[in-house]
Amino acid sequence: MGDANLTIADRIQDRLETLTRAERQLAHSILENYPASGLGPISTLANDAEVSTPTVARMVQKLGFKGYPEFQAELREELKAKVKNPIAKHDTWAEGAPSGHMLNRFTEAVIDNIRHSLGQIDTGDFDAACAQLADTSARLHIVGGRITHTMAEYLFLHMQMIRPDVTHIQSTSNAWPHYLLDVKPGDTFVIFDVRRYESNTLKLAEMAHQRGARIILFTDQWRSPVHRLADISFSSRIVVPSAWDSAATTLLLIETMIAAVQDLNWEDTKNRMQTLEDMFDQTKLFRKFT
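Quick note, in the working numbering, the sequence shown goes up one by one and the last residue is 323.
Calculated directly from the structure, the hints in this document are not laboratory data.
Misleading hints may appear alongside valid ones.
Calculated cross-link-like contacts (lysine-lysine; reagent style DSBU-like; alpha-carbon spacing at most 30 angstroms) [to be verified]:
id, residue 1, residue 2
1, K95, K113
2, K217, K303
3, K303, K317
4, K217, K236
5, K113, K99
Computed Cβ-Cβ distance ranges for the label pairs, DEER-style [to be verified]:
id, residue 1, residue 2, range
6, L49, Q315, 34 to 42 angstroms
7, E103, A276, 55 to 63 angstroms
8, W299, A90, 49 to 57 angstroms
9, N66, I180, 19 to 27 angstroms
10, T169, A276, 35 to 43 angstroms
11, L72, K95, 16 to 24 angstroms
12, P218, W299, 42 to 50 angstroms
13, A276, Q58, 18 to 26 angstroms
14, P74, R244, 47 to 55 angstroms
For every residue, glycine included, the Cβ atom is placed at its ideal position computed from N, Cα and C.
Based on the sequences and whatever the hints tell you, model everything.
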């Protein structure tokens, strides 16, 4: 089988765009508690995902398996390999805490998310995105949602120091259409959109795309609808043992991108940072200990 070196999660990711709505719902359910989610009867998996049993059978075949038993056998092999993995066998991440402690369970999940997400990233896409962010001939617009606005603001604050002509648009604001008035072809939009995907964000992306803007998307493993409009997309695994999704992998990508763009524009960035420090000295914003 051509997918022999791919995990089932990898196969799902590769085929997301070909899945029907019901199959995407099933994929979401499988990945949320992966790989244990598919170890029970086919009817249990279908009920958990709120889809029909034939939907499960069809998607299993789309993933390259002859049937559900072969799909389950592959999941069991993945589970065995995970147990044998040196990192999975690590007793604790936080010394003094048992392996089942939340600190260790959460850390294990985050590290697994990071490893899997980085394995899916095309370094050429990453470099191209950094070059776009560093391109001062075009304006840069950064957009976040109800939760992701914190990551958008973090990126905006650093980009504002690194280069000129950076705008932070809050998609939850009724005033965001005003920001589109001066958008020109070739401008760059960095958009953050993870589940639950926001209607305002998609509409903003559609209008920016119509005006000829380039879109860089940060999303999750299931991919925001903005993915269809984006020039470059970065999908991060976000599931952790919590009622909330994890932003750790996305933040890692953001911080790495900030470092790369800083290097690309270093001479200009250095001058801007020096000017900013002089302003801080004049305003006495920060205490000095020398």
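Okay, the hints, checked on the actual structure:
{"no.": "1", "hint": "K95 with K113", "result": "holds, 24 angstroms"}
{"no.": "2", "hint": "K217 with K303", "result": "holds, 28 angstroms"}
{"no.": "3", "hint": "K303 with K317", "result": "holds, 21 angstroms"}
{"no.": "4", "hint": "K217 with K236", "result": "holds, 17 angstroms"}
{"no.": "5", "hint": "K113 with K99", "result": "holds, 21 angstroms"}
{"no.": "6", "hint": "L49 with Q315: 34 to 42 angstroms", "result": "violated, 52 angstroms"}
{"no.": "7", "hint": "E103 with A276: 55 to 63 angstroms", "result": "violated, 34 angstroms"}
{"no.": "8", "hint": "W299 with A90: 49 to 57 angstroms", "result": "holds, 56 angstroms"}
{"no.": "9", "hint": "N66 with I180: 19 to 27 angstroms", "result": "holds, 22 angstroms"}
{"no.": "10", "hint": "T169 with A276: 35 to 43 angstroms", "result": "holds, 41 angstroms"}
{"no.": "11", "hint": "L72 with K95: 16 to 24 angstroms", "result": "holds, 20 angstroms"}
{"no.": "12", "hint": "P218 with W299: 42 to 50 angstroms", "result": "violated, 28 angstroms"}
{"no.": "13", "hint": "A276 with Q58: 18 to 26 angstroms", "result": "holds, 20 angstroms"}
{"no.": "14", "hint": "P74 with R244: 47 to 55 angstroms", "result": "holds, 51 angstroms"}
Consistency with the previously given hints fails for numbers 6, 7 and 12, ordered from lowest to highest.
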